[in-house]
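There are 2 protein chains.
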Amino acid sequence: MADTAVRPKATDAARAHETGVDAPKLDIPLVTDKLLGTWADIRRTAREMIKDPAFWRIDGQTHHEHRERVFSQLGLLVQHKSISRAFPAEYGGEDNNGGNLASFEELVLADPSLQIKAGVQWGLFTSAIYQLGTKKHWDKWLRGAVSLEIPGAFAMTETGHGSDVAAIGTTATYDPDTEEFVIHTPFRGAWKDYLGNAAVHGKAATVFAQLITGGVNYGVHCFFVPIRDDNGEFLPGVGGEDDGVKGGLNGIDNGRLHFTQVRVPRENLLNRYGDVAADGSYSSPIASPGRRFFTMLGALVQGRVSLDGAATNASALALKIAVTYGNQRRQFEGAGGVESVLLDYGKHQRRLLPRLATTYAQAFAHDELLQKFDAVFGGANDTEESREDLETLAAALKSLSTWHALDTIQEAREACGGSGFLAENRLVGLRADLDVYVTFEGDNNVLLQLVGKRLLGDYAKQFKGKDSKEIAAFVVGQTAGKVFHGAGLRQFGQAVADLGQVARSVELGLRAKDQHELLTARVQRMVADVAGRLRSASKLGPEAAQALFNENQAELLEAARAHGELLQWEAFTDAVASIEDPGTKQILGWLRDLFGLSLIEKHLSWHLMHGRLSNQRAIAVTRYIDRLCLRLRPHAQDLVDAFGFAPEHVRAPIASGAEQERQEEAAAHYAELAASGAAPAREKKPVKEKKAAKR
Amino acid sequence: MADTAVRPKATDAARAHETGVDAPKLDIPLVTDKLLGTWADIRRTAREMIKDPAFWRIDGQTHHEHRERVFSQLGLLVQHKSISRAFPAEYGGEDNNGGNLASFEELVLADPSLQIKAGVQWGLFTSAIYQLGTKKHWDKWLRGAVSLEIPGAFAMTETGHGSDVAAIGTTATYDPDTEEFVIHTPFRGAWKDYLGNAAVHGKAATVFAQLITGGVNYGVHCFFVPIRDDNGEFLPGVGGEDDGVKGGLNGIDNGRLHFTQVRVPRENLLNRYGDVAADGSYSSPIASPGRRFFTMLGALVQGRVSLDGAATNASALALKIAVTYGNQRRQFEGAGGVESVLLDYGKHQRRLLPRLATTYAQAFAHDELLQKFDAVFGGANDTEESREDLETLAAALKSLSTWHALDTIQEAREACGGSGFLAENRLVGLRADLDVYVTFEGDNNVLLQLVGKRLLGDYAKQFKGKDSKEIAAFVVGQTAGKVFHGAGLRQFGQAVADLGQVARSVELGLRAKDQHELLTARVQRMVADVAGRLRSASKLGPEAAQALFNENQAELLEAARAHGELLQWEAFTDAVASIEDPGTKQILGWLRDLFGLSLIEKHLSWHLMHGRLSNQRAIAVTRYIDRLCLRLRPHAQDLVDAFGFAPEHVRAPIASGAEQERQEEAAAHYAELAASGAAPAREKKPVKEKKAAKR
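Chains as they are written, first to last, in numbering that gives the first Met the number 0: chain A, 0 to 694; chain B, 0 to 694.
Worth flagging that the hints you see were computed from the coordinates, not collected in a lab. Be a bit skeptical, because a hint or two may be false.
Which copy is meant is left open, because identical chains are indistinguishable; a pair holds if it fits in one copy or across any two.
Computed list of lysine-lysine pairs in DSS-like fashion (alpha-carbon distance at most 30 Å, straight line) [said to hold, decoys possible]:
#	residue 1	residue 2
1	202	134
2	139	463
3	512	601
4	684	134
5	80	139
In isolation and in its complexed conformation, chain A is listed as follows (with noise of 0.2 Å):
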């Protein structure tokens, strides 16, 4: 750990020197107070539980020793109590659902491994249990489950079938004669994989198989099955597999397991959405099979919202770091014979500022989308819409954060150079870690696929009942507002709160309000052009139907991602309007500009291709986020700082302030050699070199 202070000395100078002395300055607490946001309080329980190593990453154990180290913090956890809000009061928990979510987001900065990990045994086979099953389970099992007493897996996923839950191979089939379901692994392909708590830890599990009764499959359901005994030995019928190194989150114990015709009693099955009475009938509270197992899968959506918070704060701590660095590290000798800082280079200022600027979006989006989690699941909004509403939000802001969060991660272990690489600076960790966030709780692109459905569901929705001559005349008038309805954090064309009191002199043109409809309007014609484009596929055969979505397909998640990055946008715009200290809403008003704007340039072709900016406009986007880099440097290590984290949660050596040092010795040294009169000279130029010089 280093000990010295994480601030640069030199910053409040450097910032009064750059900006003038009524240049505005961020209230630092004020806006730390706004990124941790609603469950402030629980997040600063979390973080300070957390400055205890024994909850950190060790570097360079095998992944069994991680493995073990992080099973112990898993007790460290339920020691203090940080894991159980989500649950009942009379099961250990508090009922609260958003605070819980909070609290776990934050472990990512001891260890991903440690969040995960809890996140399996807590987030996934103890939640299988409260929101799949009934109290007679909770009664049983869930007790255990939070104390850690029974460490258990959650086996959904199959080596053949992952992303598509349905297609599942693993059968559960009623045998009336003995009250038992009969859990069987019928091929290789359906053997569970990929699981947490399956390779060494778990002695249960939570295992999604199809429902067979009577001859008939009634499709997914869920039931708890014990895998191992006391001595960790399985269970008859049940086998397994470590899935090994992984590259990354090794303190987790991925793993696989198969069943042969392993019988559990009847009550195992999580009955909350589907149960078989001891004759072996069906019965359940939603009739249809489909939205039946949609309810189920949308019960632990909780998974995809705490990813969202989770790589938001490595994103964050990655920001920290690099930020830090380039703020003291000095490289090439600048104006003046002084070697410059790497942030005062306009590519370092690039490659950072933007992603800085993305980072805060996504911590406003995320507290809305953490407001509505805890809505629905704390039963204040509670409805089929609100769950709807809830999920799509999830699936769009989960995939552009989770990608977010590797290239940032990874743009700051570059911005970084070789320290960059060195695992005592966090950076390749954190990376190596986060990447499986991309791909599991949901595939980016297969949840950015249900997005795009769903709008192009809620587009179809306006046509309703009308004919082909006013759906012409609605495509042509469409305007914001117009088209969509709440897939998002607002109905569309509800106005974002404020925008004119954020005004500023900025370029014609590229004002929030201008931002916004840019935004907008980008999203409203992806879909209806590839809604357009769709229409014809009724007509078609199976095969030009698939091949006429599969033309269209990658649109339509780009129309899925402009959605998630519109709704980012105005979460930010909503926060800046909240705002009343003039210097720090200023401040923050760049950095929302920086990021409506470079969202802009990413997909500048696209705005010139549909005539929405001219050429002129187009250019003065460039010119204009370059403008803003320069205004925001200033304030970069402060927009950093406001993150909140101690030098516990950052612990990188490059950001402790090491590096400052190290210049500042390596400056008095030659100092002291020139004032000695003992410094070298320089060797001489050569004569012709000296003339072509002077020239």
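Fit chain B to the given chain A structure using the hints.
The following block gives chain B in isolation, referenced to the frame of chain A:
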């Protein structure tokens, strides 16, 4: 090791079905020859050697175990005479510079740690002795370095200075009384850092230091410095630290070294480009200090050259794995009730095929680079200009291909989902190991800046002696071939071979010659624009001039990147033109088009804003890329098989045919079940839903 066939059984049938009887067919052995390039035989020898599992990486080893394994593998390379080709025959070599690198680049398939550790020992440490030293040094140390009797570190980079080598702090002060150099580390930032072989195995180091004699600093020179005794203990005055665990390449013992008044004989100065006589007087065959410095660094360019080849190999391997898996893995029911193969999804094609096209372009461009390297270092074309061209080309191609490797390996890993995250499937290990390739042997951004400055310099040469009116006329009238001279594979404007011969019925305005024009014009215009804006710099003070450069830095780097992309495109086009088999020529022509159009699509907004593409043609770019993906899709397996990897090089269970077997087993299970009449029925939909479905 998987022992099933790597090639999916159904490929040939599928191709015939999808493309018709007269469809073109790739001549795989022919393409393999082309891809292996000028030193194909030597590459094949290296690939044969590393089929031995003794060369393979073992996942899950600690970094200590991994280091020892790799060190012992270096011994195997010596036994196989695999690493000495570049040196003269009398020191155990073959005077074969191109072949030496070709062989070296293949080692990445066994374990990137092996490749880079070999690179440290023979490409850097031994090469420094050979390239910077003279016969007395060769006689003394070259055989020991080649045979691994003297494991050595290449001590150039310091904690405080990486890319800016000229500014390193270590000093070598000549003492005429004892005729010794005193090697000294004056402050912490001047510790040598990130050096392979420094933490454990190195017995000597080639140390770069400021040469000071007679009170004058003659700049950076290289010295042979023993660092450890035969017991592995540091010699007096030498100290160091282990860099510990890294993000990858953990088979290499990177570490730090520092020197406290360490004395070495005068003869230990590697004196090819600068010498100190016994009396302390300095002499050099190169009068200009700047040119001398760059000549010394340029002598070590082979590292960058070989990274371009190794990164291309790694990308090829990743695509071989992902495309093979994507051709076997099925997910989500498609037309006809059968689950679709991943590679039949439009988005999946879009993810993998353009990256495959880029990898081909890189392979062809790399062979030209290697030829150039061989001509310079073998003496066939060793002029100051050819060296400068080689360095510029290596900088451009190394940047592009190492970033491409990270991007491609990651996309391949995501395209393989959870199984891609398992170490056994190799992608995560490749990704982690290749990470540092983008910042070592020259940070990619710094290298691109070198390329950019060269482009600016060449541009300025055009105007020598011209007045402003002439310049204006020139800029207006600039067309391909008039602006640059040979900073690349060929003179701009020298016609790329046989553009006309590959013409096919493609989209109007997107043929090969159009692609070439668009790519060329972009480089020229960007360089001209930046040059125009920087012209006023000479009239500004240093701070303002730096600010002006800063504003243009991002665009200059982008111009350098565009230059590299153009060179890759040209190399690809030449390779296509050299093929006679019509089917192969057609398929590779499509692949080259996919590469060219993907580049144009990536920079579409630029082409639009600068009036190079109309809206209509711009829209056609994306549509034509989609069409090319569809055309190439049936040939995807052939195209990755043409990389010529044996199962011992691939070693990923998901690309072994195991997935195909699992798919067939599952399909057979369900078919048997259906035939037996024992298959469970589907749940009946509730009445209401049925009605809705009918409507």
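### Task
Pop the pair residue 80 and residue 139 into one bin, within, between, both or neither, using alpha-carbon distances up to 30 Å.
This pair counts as within: shortest intra-copy Cα distance 20 Å, inter-copy 68 Å.
#### Entry: Intra- versus inter-copy proximity for residue 601 and residue 512 (alpha-carbon distance at most 30 Å)
both (18 Å within a copy, 28 Å between copies)
### Task
Please work out whether the CA atoms of residue 684 and residue 134 approach to 30 Å or closer within one copy, between two copies, in both situations, or in neither?
For residue 684 and residue 134, the Cα distance is within 30 Å only across copies (29 Å; inside one copy 87 Å).
### Query
Is it within, between, both, or neither for residue 202 and residue 134, if the alpha carbons may be no more than 30 Å apart?
Within one copy only: 21 Å inside a chain, 69 Å across chains, cut-off 30 Å.
### Task
Check residue 139 against residue 463 for me: Cα-Cα at most 30 Å, and say if that holds within a copy, between copies, both or neither.
Answer is neither: 49 Å inside a copy and 88 Å across each miss the 30 Å cutoff.
Of the numbered hints listed earlier, the single one contradicted by the structure is hint 2.
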